[in-house]
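Asker: Fit chain W to the supplied structure of chain S, relying on the hints for placement.
Protein chains: 2
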Amino acid sequence: MAKFEVCAKLDVSVPGHQYPIIIYRNGLAESGIIRELVPSGQVIIVTNQTVAPLYLDAIQSVLYSCQCDKVILNDGEKYKNQDSLTAIYNELLAKKHHRDTTIIALGGGVVGDIAGFAASTYQRGVPYIQIPTTLLAQIDSSVGGKTAINHALGKNMIGSFYQPKAVLIDINTLSTLPEREFRSGLAEMIKYGLLTGGDFLEQLTQALQKGLDFDSDELPYLIAQCCQVKAKFVEGDERETGDRALLNLGHTFAHALEASTEFKYWLHGEAVGIGLYCAALLSYNKGILDITVVQLVEQMLHYAGLPHKIPEFVDLQKLRDLMSLDKKIKNNCLRFVVMKKPGACYLDDTITEDCLHNTLITAVGGE
Amino acid sequence: MAKFEVCAKLDVSVPGHQYPIIIYRNGLAESGIIRELVPSGQVIIVTNQTVAPLYLDAIQSVLYSCQCDKVILNDGEKYKNQDSLTAIYNELLAKKHHRDTTIIALGGGVVGDIAGFAASTYQRGVPYIQIPTTLLAQIDSSVGGKTAINHALGKNMIGSFYQPKAVLIDINTLSTLPEREFRSGLAEMIKYGLLTGGDFLEQLTQALQKGLDFDSDELPYLIAQCCQVKAKFVEGDERETGDRALLNLGHTFAHALEASTEFKYWLHGEAVGIGLYCAALLSYNKGILDITVVQLVEQMLHYAGLPHKIPEFVDLQKLRDLMSLDKKIKNNCLRFVVMKKPGACYLDDTITEDCLHNTLITAVGGE
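Protein chains in written order, with our numbering: chain S, 225 to 591; chain W, 225 to 591.
Same shape as in the complex, but just chain S (with noise of 0.2 Å):
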């Protein structure tokens, strides 16, 4: 069995609550680490069809001692619905689960979110502990208390903001993740390289560049670096009242695009990866960002092997209607992140529908 170790260690600190991210690789079945987490007999893990072959058995086993209940749902964005919710919660009260249980989440981004949500509303709160399987769950979903399930007319509308009680990142499971998914998750480390700027971005760049892979000596490093960043903002605003929204670069694309194709043809990180480049380009229509910043986010997503246009497929003015969904709306102003330069975004309430048009009219082609 491959040898325990502990690559990095974090503290997230919001009001009246602190949590660590632990990052280390072959630590599941750690008994010390999970078992101390739990302080009641009770658990119950929510994983999906797919994580919970690889993986439950290892954290049942460090479990032993308690009354430890399953739920897994099927896997993928589609099934982060009200349906997944509801299982959750007739498992827990069938199982006669307490205001003192926990909640593990085991699994993606959508597992994390439903989880989340479930501890966030079940008896009106109880602990839960992320354990992120996908790279873009590791550095971007299981930390900040951001949870939520889609609903048929807008993703993330329905949720909560609740912190963990802690998040376990254990890089080895990345070695099952299918290629295409790690590439997704490359969007949001994209995104925090070009929302920090300076030595990250240029590091990240190189690594891309190289070829990063789930072995990469870089990556550990890599997601402690997200990790931190992500920390940063969402301790200085937890609920999302400021700059938190900054994290949201190229999101208010990504979230229309994915509505727009019913969430079924893009990864997350896919459609993120398309948000960052029309983020960008919006930044340059309006005149703010050099049109180098654009080519570097061009080549970034190259490297990463993830798409930047928007294909021609996709109805453009359906795109905008669902733009007028976005979470960051305030008094029916549209408002994005844009970009002056790496390093520098803020939020804009003052796009035009001229603007935004040619934007989605130039990002528009076949890769």
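Because the hints were derived from the structure by calculation, they are not lab data. For clarity, every value in this text was computed on a predicted model and none was experimentally measured.
Covered stretches of chain S, as calculated for chain W (at least 3 residues, CB under 8 Å):
{"#": "1", "region": "313-319"}
{"#": "2", "region": "383-392"}
Result set (DSS-like, lysine-lysine): computed pairs, CA atoms no more than 27 Å apart in a straight line:
{"#": "3", "chain 1": "W", "residue 1": "K227", "chain 2": "W", "residue 2": "K389"}
{"#": "4", "chain 1": "W", "residue 1": "K320", "chain 2": "S", "residue 2": "K542"}
{"#": "5", "chain 1": "S", "residue 1": "K320", "chain 2": "W", "residue 2": "K542"}
{"#": "6", "chain 1": "S", "residue 1": "K389", "chain 2": "W", "residue 2": "K554"}
{"#": "7", "chain 1": "S", "residue 1": "K302", "chain 2": "S", "residue 2": "K488"}
{"#": "8", "chain 1": "W", "residue 1": "K319", "chain 2": "S", "residue 2": "K542"}
{"#": "9", "chain 1": "S", "residue 1": "K564", "chain 2": "S", "residue 2": "K456"}
{"#": "10", "chain 1": "S", "residue 1": "K389", "chain 2": "S", "residue 2": "K456"}
{"#": "11", "chain 1": "S", "residue 1": "K319", "chain 2": "W", "residue 2": "K488"}
{"#": "12", "chain 1": "S", "residue 1": "K554", "chain 2": "W", "residue 2": "K320"}
{"#": "13", "chain 1": "S", "residue 1": "K302", "chain 2": "W", "residue 2": "K319"}
{"#": "14", "chain 1": "W", "residue 1": "K389", "chain 2": "W", "residue 2": "K320"}
{"#": "15", "chain 1": "W", "residue 1": "K554", "chain 2": "S", "residue 2": "K319"}
{"#": "16", "chain 1": "W", "residue 1": "K320", "chain 2": "S", "residue 2": "K302"}
{"#": "17", "chain 1": "W", "residue 1": "K554", "chain 2": "W", "residue 2": "K565"}
{"#": "18", "chain 1": "W", "residue 1": "K456", "chain 2": "W", "residue 2": "K564"}
{"#": "19", "chain 1": "W", "residue 1": "K320", "chain 2": "S", "residue 2": "K488"}
{"#": "20", "chain 1": "W", "residue 1": "K488", "chain 2": "S", "residue 2": "K320"}
{"#": "21", "chain 1": "W", "residue 1": "K319", "chain 2": "S", "residue 2": "K488"}
{"#": "22", "chain 1": "S", "residue 1": "K554", "chain 2": "S", "residue 2": "K510"}
{"#": "23", "chain 1": "W", "residue 1": "K554", "chain 2": "S", "residue 2": "K320"}
{"#": "24", "chain 1": "W", "residue 1": "K389", "chain 2": "S", "residue 2": "K554"}
{"#": "25", "chain 1": "W", "residue 1": "K389", "chain 2": "W", "residue 2": "K319"}
{"#": "26", "chain 1": "W", "residue 1": "K533", "chain 2": "W", "residue 2": "K565"}
{"#": "27", "chain 1": "S", "residue 1": "K554", "chain 2": "S", "residue 2": "K542"}
{"#": "28", "chain 1": "W", "residue 1": "K542", "chain 2": "S", "residue 2": "K319"}
{"#": "29", "chain 1": "W", "residue 1": "K302", "chain 2": "S", "residue 2": "K319"}
{"#": "30", "chain 1": "W", "residue 1": "K302", "chain 2": "W", "residue 2": "K488"}
{"#": "31", "chain 1": "W", "residue 1": "K554", "chain 2": "S", "residue 2": "K294"}
{"#": "32", "chain 1": "S", "residue 1": "K554", "chain 2": "W", "residue 2": "K294"}
{"#": "33", "chain 1": "W", "residue 1": "K319", "chain 2": "S", "residue 2": "K554"}
{"#": "34", "chain 1": "W", "residue 1": "K302", "chain 2": "S", "residue 2": "K320"}
{"#": "35", "chain 1": "W", "residue 1": "K294", "chain 2": "W", "residue 2": "K320"}
{"#": "36", "chain 1": "S", "residue 1": "K294", "chain 2": "S", "residue 2": "K320"}
{"#": "37", "chain 1": "S", "residue 1": "K554", "chain 2": "S", "residue 2": "K456"}
By construction, the Cβ of each residue, glycine as well, lies at the ideal position given by its N, Cα and C atoms.
Answerer: Using the frame of chain S, we list chain W on its own:
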């Protein structure tokens, strides 16, 4: 038109949030109060089929300058469910409500709890205002930020702690409340009396003996007292990790009674009345409460026209089993609020099955 008159104003302070409870008469159509609490141009009123014909117009007239949508739910505890919640989400999304919208809960506890839960989860949280129109909601559920829906396997099992932006209590709305519902509200008033003891208990007993109605002079004072007691408990323990649980005096019994009859037989306050009597009897059986207090509880419930005995048709074993789902349970032990004397209650997790069984048997009977 009857004169607008502010009777009392209290403040509730929890970490990071403070909000007013305003108690008045004839103020629903007063434009100043509600309009200034709605900062954006969007608002949605959640109410039910009983309350809508009575008070919806008045509120809407005050909000004529807003996009003012409405959801009219069926009236009754059995509609405090996922379907009603979904109806609110659907309307919010269909009418493109943004994160700066305001939800107004106009009605009793069911409307307040569902609308509050919708507010806490729509786009991860939007502001809401409580306008309670039943005595029960005015003195209990509208204050303190507990939101919830029921699940087939238990009452209030899905919910959140989420404070309103304001609670507006127009005592005049009680003029249209059926007498049975008014009496039901008195059960929670008796609970506050027992939790507080002293002068308030004495004044309440006298008022009940004299006969308390919606236009009694004592009513605004008694309502303000109840809100004050509740606010004090909430301020000390917003998320019910300690003393706030004392507000559940009688409620472990009441919830199980309601669940055992599928929420169809009693109004909530009627079940609470029996629950208070059971809690007193349990405390007496445990040897910590004088029999005269048990008799006082019975007497107060009698003055208020409320039941105190468990009817013979109730299956006591089923009742006992339903108590195992109580939210106060910790480490699998049932916890009851017991009473040493009025004003001196505490949580007890050492109640034996025998003591509980004897209490239930003794509490059974005709009125």
